[in-house]
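Q: So you can see what is in the structure, the chains are spelled out below.
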Amino acid sequence: MTQVIDSKKSTTIIDARGPRFGAVITTIVLAAALATNNVWFIVAQAIAFAIGAFKGPQFTPQAFIYKTFVKPRLKGEVPAEDVRPPQFAQSVGLLFALVAIAGVVSGVNAIFTVAVAFALGAAFLNAAFNFCLGCEIYLLLLRARKN
Amino acid sequence: MKSLLPIVIVLVLASGYGFWHKNTRGKVVVKSDKGLITPAMIGADLGSRATLLQFSSAFCGPCRATRLLIEDVTADMGDVAHVELDAEANLELVRQLDIRSTPTTLFINGAGHEVGRAVGAPKRDQVLSAIAAIR
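As they're listed, the protein sequences go chains A and B.
Its first residue numbered 1, the first sequence is counted upward by one per residue in the working numbering.
Its first residue numbered 1, the second sequence is counted upward by one per residue in the working numbering.
Calculated from the structure, these hints are not laboratory results.
Model, not experiment: these values are computed from the prediction.
Positions of the beta carbon are idealized from the N, C-alpha and C atoms, including for glycine.
One should not assume that every hint holds.
Which chain B residues face chain A? A few, computed with CB under 10 Å, are given here [claimed, not checked]:
1) D86
2) T102
3) H113
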């Protein structure tokens, strides 16, 4: 017997493979940014993160590529996922991208390198291991904030 | 093109963490008893033999899969209860029981003591053997 207590209202369900494919592209963009030290890669990625964070991960350029070129070739059952976990991850990505841009604007290149490195690590974990960022850090943030 | 070294460092560290993370999630481990868990604390009755207390959150993909799995496993076990709590709405209990990430599932015996916990989504056989170990 199962009892669900304090559960939030149901939300949008999306194809779980979309955000994971998006993370592969994001990993490549962030790696390119780190290798070339070029801020414009991060500006472009920040725009994609902002769309994902505010509108939803199913509306990013990565999701468009997935829907247009990848999804029609996939067979089998569509794994469903709540839209909120990847949306949370996009928000965290946006935060790191903004810190990286702030580092370049203020002339402290180390900030750019560290922020992009963390974003790259998270995007890679998502792409390679289906890592759930919200699972690991959201509760810790709540616990830290309300202490 | 500058140096590829930072990329290599990030990918090696992330891979190490990823493999460690994958191998530890879902495993039912015995933790030190954090005290008696009562129906008043969780807002639901305990099962006569065992209770699976699952903490979930809004930004958690595997929480849904964990709920569906435990629902299915406990469906015809009359003496085992499954209670899912939103961690955000129960922060006091989360601190008391030291829940750090979601999903975290506590295995509680009939007397109300925690006998094991699984951090992350457990597999079916892990849930079954953890329940079977509770008498």
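Q: Taking the hints in turn, state whether each one holds.
A: Cross-check of the supplied hints:
Given hint, D86(B) at the interface with chain A, holds; its Cβ is 4 Å from that chain's nearest Cβ, closer than 10 Å. Checking T102(B) against chain A: minimum C-beta separation of about 5 Å stays under 10 Å; hint holds. With its C-beta approaching chain A no nearer than about 20 Å, H113(B) sits outside the 10 Å limit, and its interface hint is violated.
Checked against the numbered hints above, the structure breaks only hint 3 and satisfies the rest.
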